[in-house]
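Enquirer: Taken in sequence, the protein lines are chains A and B. The numbering used here applies: residue 14 is where the first sequence begins, and numbers increase by one. The numbering used here applies: residue 715 is where the second sequence begins, and numbers increase by one.
I should point out that these hints are in silico values taken from the structure, not numbers from a laboratory. A portion of the hints provided could be inaccurate.
[Said to hold, decoys possible] Listed below are several chain B residues computed to face chain A (Cβ distance under 10 Å; list not exhaustive):
id, residue
1, M715
2, E716
3, T762
4, L765
5, A769
6, L770
7, L777
8, F779
9, F787
[Claimed, not checked] So these bits of chain B aren't anywhere near chain A, every CB distance computed over 10 Å:
id, residue
10, E718
11, K721
12, A733
13, L739
14, I742
15, L747
16, A750
17, R752
18, N753
19, S755
20, A756
21, I766
All values derive from a computational prediction rather than experimental measurement. Ideal Cβ positions, reconstructed from N, Cα and C, are used throughout, including at glycine.
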Amino acid sequence: MDPLYQFKIERWAEFRLFGYDLSFTNSAFYALASTLLVIVFLVVASGKREMVPGRMQLMSEMMYEFVAEIVRSTMGQAGWKFFPLIFTIFAFVLACNLLGMFPYFFTVTSHLAVTLALSMMVFGIVVGYGLVKHGFGFFKLFAPAGLPVWMYPLIIPIELVSFLSRPISLAVRLFANMMAGHALMKVFASFVVMMGSAGGLLAAFAIIPLLANSAVIGLEFLIAFLQAYVFALLTCIYLNDIVHEHVGH
Amino acid sequence: MEAEAAKYIGAGLACIALAGAAIGLGTIFGNYLSGALRNPSAAPGQFTNLLIGFALTEFTGLLGFVMGMIILFAV
Numbered sequence: 014m015d016p017l018y019q020f021k022i023e024r025w026a027e028f029r030l031f032g033y034d035l036s037f038t039n040s041a042f043y044a045l046a047s048t049l050l051v052i053v054f055l056v057v058a059s060g061k062r063e064m065v066p067g068r069m070q071l072m073s074e075m076m077y078e079f080v081a082e083i084v085r086s087t088m089g090q091a092g093w094k095f096f097p098l099i100f101t102i103f104a105f106v107l108a109c110n111l112l113g114m115f116p117y118f119f120t121v122t123s124h125l126a127v128t129l130a131l132s133m134m135v136f137g138i139v140v141g142y143g144l145v146k147h148g149f150g151f152f153k154l155f156a157p158a159g160l161p162v163w164m165y166p167l168i169i170p171i172e173l174v175s176f177l178s179r180p181i182s183l184a185v186r187l188f189a190n191m192m193a194g195h196a197l198m199k200v201f202a203s204f205v206v207m208m209g210s211a212g213g214l215l216a217a218f219a220i221i222p223l224l225a226n227s228a229v230i231g232l233e234f235l236i237a238f239l240q241a242y243v244f245a246l247l248t249c250i251y252l253n254d255i256v257h258e259h260v261g262h
Numbered sequence: 715m716e717a718e719a720a721k722y723i724g725a726g727l728a729c730i731a732l733a734g735a736a737i738g739l740g741t742i743f744g745n746y747l748s749g750a751l752r753n754p755s756a757a758p759g760q761f762t763n764l765l766i767g768f769a770l771t772e773f774t775g776l777l778g779f780v781m782g783m784i785i786l787f788a789v
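Excised from the complex, chain A in its bound form (with noise of 0.2 Å):
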């Protein structure tokens, strides 16, 4: 009962591409199937709009509201055009995390590379808008203004390194949070396997670690939500320094 056997990751269709390895794999299925399941709830949704919202339109409505206040309240009215942006990574992001609460299913987001292709994604975003907006100007991010001047040999390499590791972090926090939280509901489960198997008196006490479980699985609910959030809201931090960067054009 290995408690990482559930981030296996197995070929479902071998497909091979000038020597890289394209197959289809259980995380593109899922990845996929969670891109569909967005699209599919929000075009239900708000596909028939009316004066009074129903549930499905008030749910997509609230999931809208949700995201434009995240970016109303880091960006401000000048990061509005990334608003589509936002909302997708937080949709996605939100859609494998919760797809992957399902018994059995695969978490996309319990993997390195998922997470490190968006928050790299985020990271060229920023870099490419950055030096497209700014200029050369965009390198005074690393150079805040207003310091006695022998403060910049320390400041500079400290900003830099903080900047380069954003979107280490922005992945990592991701995926060691689900990574770790389907663990530890598995190794949970095992508990109760191995203590119900046991007999006895033992046996009786194995409602213990089930209880734990399903406490744990409501705080993997949260997990899930709570991380689409942070990824979306740290996504608009780090944009918020290139689109409101104080630098002499």
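Starting from the known structure of chain A, fit chain B onto it as the hints suggest.
Expert: What follows is chain B alone, placed relative to chain A:
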């Protein structure tokens, strides 16, 4: 000592990082709550900052977890 045993001890030691993260999370949420009770009207405006602090603090603990996983399964 056998290398296998040292590996498990190392993985266990890496989990000490979680103690620091636990202290940090308790400080963040506790201080937020005490501040929010003193001035409830200002609390919602700081909710975003609370979650940023939560995310950054949690990350340091998760680094310890990742270290443990690397020691156990990757090395």
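Enquirer: Which constraints among the numbered hints does this structure fail? Numbers only, ascending.
Expert: 1, 2 and 21
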